[in-house]
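2 protein chains.
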Amino acid sequence: MINIAILGFGIVGSGSYDLTVQNAGLIEKKVGDSVKVKKIVDILDFSKHPAWSLFTKNFDDVMNDPSISIVIETIGGTRFAYDFTKRALAGGKNVVTSNKELVSTHGLELAEIAKKNNAVYLFEASVGGGVPIIRPLKQCLAANEIEEIFGIVNGTTNYILTKMRDEGISFEDALKEAQAKGYAEKNPTDDIEGHDPIRKMNILAWTAFGKMADPEDTNAKGISGVTAEDIKKAKADGCAIKLIGRAKMADGKVKCSVAPERVPLNNPLATVDGVYNAIVVRGNFVGDVTFHGQGAGGRATASAIIGDVIEIARDIVASRKRA
Amino acid sequence: MINIAILGFGIVGSGSYDLTVQNAGLIEKKVGDSVKVKKIVDILDFSKHPAWSLFTKNFDDVMNDPSISIVIETIGGTRFAYDFTKRALAGGKNVVTSNKELVSTHGLELAEIAKKNNAVYLFEASVGGGVPIIRPLKQCLAANEIEEIFGIVNGTTNYILTKMRDEGISFEDALKEAQAKGYAEKNPTDDIEGHDPIRKMNILAWTAFGKMADPEDTNAKGISGVTAEDIKKAKADGCAIKLIGRAKMADGKVKCSVAPERVPLNNPLATVDGVYNAIVVRGNFVGDVTFHGQGAGGRATASAIIGDVIEIARDIVASRKRA
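Those protein sequences? They're chains U and H, same order as listed. Mind the numbering: the first sequence is residues 1 to 323 in this note's numbering, read in order. Mind the numbering: the second sequence is residues 1001 to 1323 in this note's numbering, read in order.
Among the clues, some could well be false.
Over the 12 Å line for every Cβ pair with chain H, so calculated as not near, a few chain U residues [to be verified]:
hint, residue
1, Asp18
2, Leu44
3, Cys140
4, Ser224
5, Ala300
Taking lysine-lysine pairs in the DSS-like style, the calculated list, with each CA pair at most 25 Å apart, reads [as the list claims (entries may be wrong)]:
hint, chain 1, residue 1, chain 2, residue 2
6, U, Lys253, H, Lys1211
7, U, Lys29, H, Lys1116
8, H, Lys1030, U, Lys255
9, U, Lys86, U, Lys38
10, U, Lys211, H, Lys1176
11, U, Lys248, H, Lys1029
12, H, Lys1211, U, Lys29
13, H, Lys1233, U, Lys116
No lab work stands behind these hints, which were simulated from the structure alone. For clarity, every value in this text was computed on a predicted model and none was experimentally measured. Note that the Cβ used here is the ideal one computed from N, Cα and C, for glycine as well.
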């Protein structure tokens, strides 16, 4: 049996738990051993959850259990997540995360700590939700000089822009609707000012080019300045307005940007609507390859997280056989 | 140094060679060792090729060279390709291929031979050209129960259908144009009657479900019966006609089919034009994920082939370190 722990039981953490339960047979078949959630760490009260016996408020319970080899971190932010991830990796536990803020801020350091301790730090779920993009960049497209990566990597702003276009409403009204539906947070700054998508572009840049952009080569502009009038005019010109992230190498430097752009309607990115994400990778041999799917949500993001867990679990099974 | 051989120096074989030369530095950095083409096997005369010293007409020259650990097979068909692949794998050499006919016909047997001899048989390039699909199915999306895989997996027929729609011409005229441009073969039966796409759907089914469809659960219908009138009528109803491949489990059995379908214009598959491919994977947690890009061509397909080579080469370097 391969034991895992989940840190943070919000939408992604609970989605990941549900997946391990619902698809347990399939996962066991693919790994060659069963994968079980042994501990869930969250400070809230889950005494009414059917799996309440797994819950603890104390991260030490994970660190003190040598049978736990994989830790899923879905706490978000950089405070507890950073500390817990460092301790887990330093203790030789593998960590899988959807936390783009942590990966874009401390990813290089955490990957180093992982390497030193014979552990891995995987973050497929940190960009594009359920859409495979990190592993395809590292493996399937590894033979290419990557010329540029660009696309729609923030579902909240894409939902707002789609609403504004379809209903002709103002940014403020569309934001309110997104908040009411749970697609935007109460404090929406991270999404609407471009902080969230620029983090994701930096993670893609790190994956493709081996380093993130320096602050002076980073430019994030959000959508709070986009008006109903802008969208109407763009439509009249046969364009949609989309918040497009870009990452590329120029003059030996990594450059990352996020900004609203006019996208002609015959461009596939123009028809990526609602909370969907689409990422285009331009390689010198493969040309343009596009990855499209649900960029957020507990179930879709759990797909990426447990995909990473399965990869690690397979390696654990393979190394047992070699031993 | 990691030595490789290329069998068959057609459009994909030569594209793969070009890639190893043009992106040599990048590949060395990613693998941790240089990857060099040491032999190229082809019965034609390449005495004017700059790398003529690498060419041989005799496959034994590859088998007798223990320094060659990876063989790229781009011969196509099942005659020589089958024999050479079996011998290479039985000799413990890893094989990478774009040969969908061979993989769909003898893939299970070849994968078994590989396993017994501690080698691997990889075929990312056999479906979707440069589009990553096999590895994402095996890894990134491994946590999902796959409900269905469907999409456009044959560039030749998609080019013909696109021409018929855009120019209002007959199937016969569009086929002639595709042949003149090198997008269709002189004997186009494999593509236009659906044999090529049904092979690809079987390879996807094998990857997702662990087995291919039995002949009685396989249904391939091509586009030779599609008329200019059909396309005009579909257009009037807001639809495009696309040759859609499908693979799914039903009643415990794998079912694969290929047939022309009416696709509403607001469906992303309707706007996949020319020689592009697009494959949708529907998972029980991730929902729909779409992979889109160039489904054929020497450079795009070489991207997938050398991606597989890099994966094997990395494993060789890792196992050296463990030894």
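Would you check whether the claim that Leu44/U is not at the interface survives, using Cβ distances to chain H and the 12 Å cut-off? Holds, because the least Cβ-Cβ distance between Leu44/U and chain H comes to about 24 Å, which exceeds 12 Å.
For Lys211/U and Lys1176/H, compute the direct alpha-carbon distance and say whether it is at most 25 Å. Answer violated: Lys211/U to Lys1176/H is near 49 Å, above 25 Å.
Given as non-interface: Ser224/U, partner chain H, CB spacing beyond 12 Å: 29 Å, holds
Going by Cβ atoms, does Ala300/U stay more than 12 Å from chain H at every point? 5 Å, violated
For the pair supplied as a hint, Lys1030/H and Lys255/U, is the alpha-carbon distance within the 25 Å limit? 21 Å, holds
Please work out if Lys1211/H and Lys29/U have their alpha carbons no farther apart than 25 Å. Holds, because 14 Å separates the two Cα atoms, which is no more than 25 Å.
Measure nothing beyond the straight line between the CA atoms of Lys1233/H and Lys116/U; if it is 25 Å or shorter, mark the hint as holding. 64 Å, violated
Taken at face value, is the distance from the CA of Lys38/U to the CA of Lys86/U at most 25 Å? With Cα atoms ~20 Å apart, Lys86/U and Lys38/U stay inside 25 Å; holds.
Tell me if the straight-line CA distance from Lys248/U to Lys1029/H falls inside 25 Å. 19 Å, holds
Does Lys253/U pair with Lys1211/H here, judged by a C-alpha cut-off of 25 Å? 46 Å, violated
Evaluate the condition: distance from the CB of Asp18/U to the nearest CB of chain H exceeds 12 Å. 8 Å, violated
Confirm or reject the statement that Cys140/U sits farther than 12 Å, beta carbon to beta carbon, from all of chain H. Violated, because the least Cβ-Cβ distance between Cys140/U and chain H comes to about 3 Å, which does not exceed 12 Å.
Figure legend: structure checked against the earlier numbered hints; hints not met, in rising order: 1, 3, 5, 6, 10, 13.
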